[in-house]
Amino acid sequence: MSLLEADRINSYYGDSHILFDVSLHVERNEVVALLGRNGAGKSTTLKTLMGVIRPRSGTITLDGEPIQDLPPHLIAARGIQLVPEDRRVFGSLNVEENLILAGLSAKGRWPIERIWEMFPRLQERRRSRGTDMSGGEQQMLAIARALVRDPKIILLDEPFEGLAPVIVRDLLGVCRRLADAGQTIIIVEQNISAVVSLAHRAYIINNGHIVEERTTEQLRTQPEVLHRYLGV
Amino acid sequence: MLNWPNLVSQFFNGLALGAVLALISSGLTIIYGTLGVLNLAHGAMFMLGGYAGYVVWAATGSFLLAVLGGSIFVGVVGLFIELVVIRRFYGRPPEDQILVTFGIGIVIVELVRLAFGSLSVTVPTPPILSGVMHLGFLFYPTYRIAVLVIAVLALGVLYIILYRTRLGLIVRAGIEDSGMVSILGINVYRVFLLVFGIGAMAAGFAGIIHAPVVAPTPDVGATILVETFVVVVIGGIGSFPGAVLGGLISGEILSLTSAIDPAYSEVMLFVVMTLVLMLRPEGLLGVRGRA
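These protein sequences, in sequence, are chains A and B. Per the UniProt record's numbering, the first sequence starts with residue 1, numbered consecutively. Per the UniProt record's numbering, the second sequence starts with residue 1, numbered consecutively.
The set of hints was computed from the structure by calculation and includes no laboratory data. Possibly wrong hints are sitting among the right ones.
[To be verified] Beta-carbon label-pair distances, calculated as ranges:
(1) B:Arg92 <-> A:Ser16: 19 to 27 Å
(2) B:Arg92 <-> A:Arg121: 36 to 44 Å
(3) A:Glu65 <-> B:Arg164: 37 to 45 Å
[To be verified] One side of the interface only, derived from the structure: several residues of chain B facing chain A at Cβ under 10 Å:
(4) Ile170
(5) Ala173
(6) Asp177
(7) Val181
(8) Ser182
(9) Ile183
(10) Gly185
(11) Ile186
(12) Tyr189
(13) Val287
Note that this is a predicted model, so its numbers are computed, not measured. Ideal placement from N, C-alpha and C gives every residue a C-beta, glycine not left out.
Pulled out of the complex, with its shape left as it was, chain A reads as follows:
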């Protein structure tokens, strides 16, 4: 049994049909990438898995139990944690308050020292408000906020977008450490080389349909697949 399994889900924004019979599965300790052009439905897929968007049809199971009809807070309670595209750090709260808030309802919790050890920069800035932080620091906080809850699966939505290369390298290092430690991750990212170096397996989504499923090993040897759907 897969840790997470989506079976033929269809999601809508209002009246527009975004995801068409999307099926995917994620195994324990696996890092899965979701690749596709802008507007292909990558973020919508993550939002649907998190319960932010309720699919009109299809099933999503976590550990074999259906979760597709649950609201986000109950899905979070079961161990899925979305790190959203625009980070959504609470600007009026400081770093520590952001982390405390995230941990409030968590069953298992990372001790704060473990967060500081992984993100020394956040410890230095623990009293800074979210609004006073750089994009890279906000992204660290967004990821740390998810980790505090010790989730079974982290959904990372474009974590490297708009960040300086040196920051991307640091964050990629963090992601690799998590993956090596067995953290299950679904990652959506435009930075293909970063993703291919991190993930074990990738889905390519095009116009709301899953069109390819490959191991990243195969993607390295068959770059024409990426070329066909992503133009890279």
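With chain A's structure known, arrange chain B on it following the hints.
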């Protein structure tokens, strides 16, 4: 007559009125900030506090019990309204929310009118706080000073709830982005319920402590509601410190203008609000680009 004692006395009146306005407005602004619902029944909650307090006072003769009973009653009414009505309107357009809360306000006002008539009821000043105090060159009613102190204490309690408790942490985050709060595993609807109850309770509490100053009528909430909106706009929507600052400013504008010509006090209030909207549209302590 415009003279110094009169002006100073009006200044104190302004402080007391300002603190009461701040208390009512903080309820309105926190509800709007967290739930995203503009609660047009908030004035009715203030009015209801006065009447509920009156009933408790009439039954027990105790002002303290009137304050406790009145505010708890209004808090419970707030919880009930959120559970039965407001909850069904979170996903609806703002005009639906405005209409339904406006309707709730009318129902409450007319129910009170049905029970008590349109004339005012009198809640006397508690004996221990009645009489006047001698402030140097001026005699000033003790109860008005008490209202100021009590309202400031109540604002202090709200401050502690907001900035020193888990609930407050969730509320402050929720004011910014309630969707993200729910992604972090927190049941925002339970928080919305509590916030609505606490906001209603703050208005009800203000209603009962203000009752000995201005005897409540069923329609007292309408005026207060408009003034409260001005306070929230001046201070910045969704900002608790903004509600406090806006309340004090508005209280002083109303009182000091009354010392010169009462007919212009409301006009001056709107003049200042217009100036704020022109020069700093997000309000004095509001955050640019939200709400």
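Quiz item: Does the Cβ distance between glutamate 65 of chain A and arginine 164 of chain B fall inside 37 to 45 Å?
Solution: holds, 38 Å
Quiz item: Once the shortest beta carbon distance from alanine 173 of chain B to chain A is found, is it less than 10 Å?
Solution: holds, 5 Å
Quiz prompt | chain A contact restraint on isoleucine 183 of chain B - CB to CB distance below 10 Å | solution = holds, 5 Å
Exercise. Can you let me know if the beta-carbon spacing of arginine 92 of chain B and arginine 121 of chain A is within 36 to 44 Å?
Key: holds, 43 Å
Practice problem: Go through the hint on aspartate 177 of chain B and say holds or violated, using the shortest Cβ distance to chain A against 10 Å. | Solution: Check passed: Cβ of aspartate 177 of chain B comes within 6 Å of chain A, closer than 10 Å.
Quiz item: Do the numbers back the hint for valine 287 of chain B, that is, is its least Cβ distance to chain A under 10 Å?
Solution: Cβ of valine 287 of chain B sits 8 Å from chain A, so the hint holds.
Exercise. Just tell me: holds or violated, for the beta carbon distance of arginine 92 of chain B and serine 16 of chain A against 19 to 27 Å?
Key: holds, 21 Å
Quiz item: Going by Cβ atoms only, is valine 181 of chain B closer than 10 Å to chain A?
Solution: holds, 7 Å
Practice problem: Using Cβ atoms only, decide whether isoleucine 170 of chain B comes closer than 10 Å to chain A, and label the hint accordingly. | Solution: Because about 7 Å separates isoleucine 170 of chain B from the closest Cβ in chain A, which is inside the 10 Å limit, the hint holds.
Practice problem: Using 10 Å as the Cβ threshold, decide whether glycine 185 of chain B counts as touching chain A. | Solution: holds, 4 Å
Quiz item: Taking the closest Cβ pair, is serine 182 of chain B under 10 Å from chain A?
Solution: holds, 5 Å
Self-check item: Proposed interface contact between tyrosine 189 of chain B and chain A, which counts if any beta carbon pair is under 10 Å
Solution: Holds. Min distance 9 Å.
When the structure is compared with the earlier hints, no violation turns up for any of them.
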